[in-house]
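Residue-level listing of the chains:
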Amino acid sequence: MDFLETLLNGLSLGGTYAIIALGYTMVYGIAKMLNFAHGDIIMVGSYIIWFTFLRLDCHPSISIALAIICCVILGIVIERLAYRPLRGAPSLAVLITAIGVSSLLQGLPAILDTISKSSNNSALKEKLSGILNPLPIQDMVHTNKLVLFGVEFPISISALVTILITVATMIALTVFIKKSKTGKAMVAVSENRDAALLMGIHINKIIVVTFAIGSALAGVAATLMLTKGTPASPSFGALPGIVAFSAAVIGGIGSIPGAALGGFLIGILETFCNANSALSPYRNAIVFSVLIIILLFKPSGILGNPRREKV
Amino acid sequence: MRKTNDLGLNKSFKFKNYLNYTVILAVLAVLMILQFTGAAGTDFNYKIMPIVIPIGVYVILALSLNMVVGFLGELSLGHAGFMCIGAFVGGKIASLLDTGDNANISVMLIALILGGLCAALFGFIVGLPALRLRGDYLAIVTLAFNMIITDVIKEIPFFAKGSNLPTPSLKDEYNYIIIFAIILITLAVIQNFARSKHGRAIMSIRDNEIAARTMGINIVKYKLTVFTISAFFAGIAGVLWSYYQPGINYEMFKYNVSIEILVMVVLGGMGSVNGSILAAALITFINNYGKFSEESFAPYRTVLYALILIIVVIYRNAPGLKGFREKYNMKDLFAKIFKKKTSQEKLEDIADKETKKSEKSDKKEQKLSNKVSKKAAKSAKNAKKEDR
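These protein sequences, in sequence, are chains A and B.
In this text, residue positions in the first sequence follow the working numbering: the first is 1, and each later residue adds one.
In this text, residue positions in the second sequence follow the working numbering: the first is 1001, and each later residue adds one.
Hints were generated in silico from the structure; no laboratory data involved.
Keep in mind the model is a prediction, meaning the values are calculated, not measured.
We treat Cβ as the ideally placed atom computed from N, Cα and C, and that holds for glycine.
Where hints are given, some of them may not hold.
Taking beta-carbon pairs under 7 angstroms as the criterion, some of the chain A residues facing chain B (in silico) [claimed, not checked]:
hint, residue
1, Ala89
2, Thr97
3, Ser103
Next comes chain A alone, as it looks inside the complex:
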């Protein structure tokens, strides 16, 4: 595989990581918690696309829109039921709850599977069959190379779309946070919650908006991952979620350009490891080693602001 093609594939994989990392970084920056369930919201999104597109024969745009809406609702519900009661509690408790939510969501497809198997409704049985090992959605995968003015570029259409969507999302989010009133309120909440409250900012509302945006990004990420030919599965979002969190940490958690940068870096690193046959089995080990090394020497990440511990 030649260098340019690997690089572009890496950018495309990195784009997916960057979108997931943006979701993590938004929530971490504003709600100050690691939303461990983010990867599993992606999983739910992927299942909704699989179900509506393959089993209900919806138009792709409708199924993608449905997935994003469902992810947003799911994110808001999780925030309301599991995380909001713990606002002000020790961070260890919040993290453990998030882990609980994550494994709760991961168990859902298997429960749907057992329900469909034991039910007498044949239509439901048929619709939910194979939920534990769904096939990849071939119609969404475009591996054809991009051809413009008769010249073939070394990048597939879905890869190009991924990169474009990532960059557009990043720019849109930055503009939203810098210019809009809600965005400015988010920055205020992230910098000093009490002061923001005194300035008349409704903190719970802002955090709900943050979760909604993060979960919408999870829906987008689910779409992008499906276009790469990954089939939906209960652990669909677990590993990419953790890798993307690493990317957010490497770029500097809380920083939007940092999350995108980290995502692209990790994606390129992983693709180059994959291209090398000696390194490819160790690609996750290498990615996580990089994470540990960066955390040890620059815990605030590449673009993050160092935090000082105060008494």
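Please arrange chain B on chain A, whose structure you already have, making use of the hints.
Quick look at chain B alone, frame taken from chain A:
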């Protein structure tokens, strides 16, 4: 006056502090009676042992994870990684040293110690990032460590590429006695560690690291010690697991196992030794007993544990539930059952004592002040007399 608390930090002997050893020994005694009298028949080997041995292994795992999560207050999501190292190193060593059909105890001891030491070495290495990182970052690093371990084991030919490394098993029927012995050793080490001055130092790091450092507590030493000891016992549990299983697979040690152990520790109550033992025994029992252990029940189990985890953590930590927590809690429930004093009544008792004390001291003060005023009056009279 000596005061006791939940961890029994007093030095005087109290049976209450040794209750857990007694219960474990009693369970062992019941099992031995069952075996020697043959009361359980073939059920003993085919029904009871497949529950008792996993319970033993998970009790050791939960106890050792409780050191990191409960006493040190850091979240470790890589406990299955240490278990993995112990299982593969110990299992491999045992299968290399073992020549006959029957594995002997000395080989098992060597495997246990070497497996534990290897895991402890990795625990030390994972402890190094813990010196600079805390909270969410450390959780992710330990999780990453778990994934790195399983990924690397999967590629090492020495460990059969992580899939079905054959391991010896103790053929005789007394291996549960060894497991019970190891549980007792683990319990003794961890409980005494927690009750020692080192344990108090570690808990002070958990409560306020900066304050602990100001008091001259060596944070580096204690954090590394906790991670190393915790990993050592996880490694030993791994070796026991490799003896229990006919062959070991890297997929047995994925990070969801770490989370399962974490669920046990959280359910038992973080920092509570007996809680960890009870929760580990209960959950492992449910996982392995009869109908609940069936494959079709597994997803419900996962979801149920997750729900319980969320509810328990919210109940114990939510700032909004403080009043609710004081009104309804397990301690008061037990107190009502055993007709002891509830925490509310205990508080009232203390308040009563305080008021009595203050009344007493008030009286003393009054007496004193009376004396003083009398003295003053006398001296004033004397002074007047002298004037005359």
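Taking the hints in turn, this is what the structure says about them:
1. Ala89: The hint holds - alanine 89 of chain A has a Cβ within 7 angstroms of chain B, the shortest such distance being about 4 angstroms.
2. Thr97: Holds: closest Cβ of chain B sits about 5 angstroms from threonine 97 of chain A, inside 7 angstroms.
3. Ser103: 4 angstroms, holds
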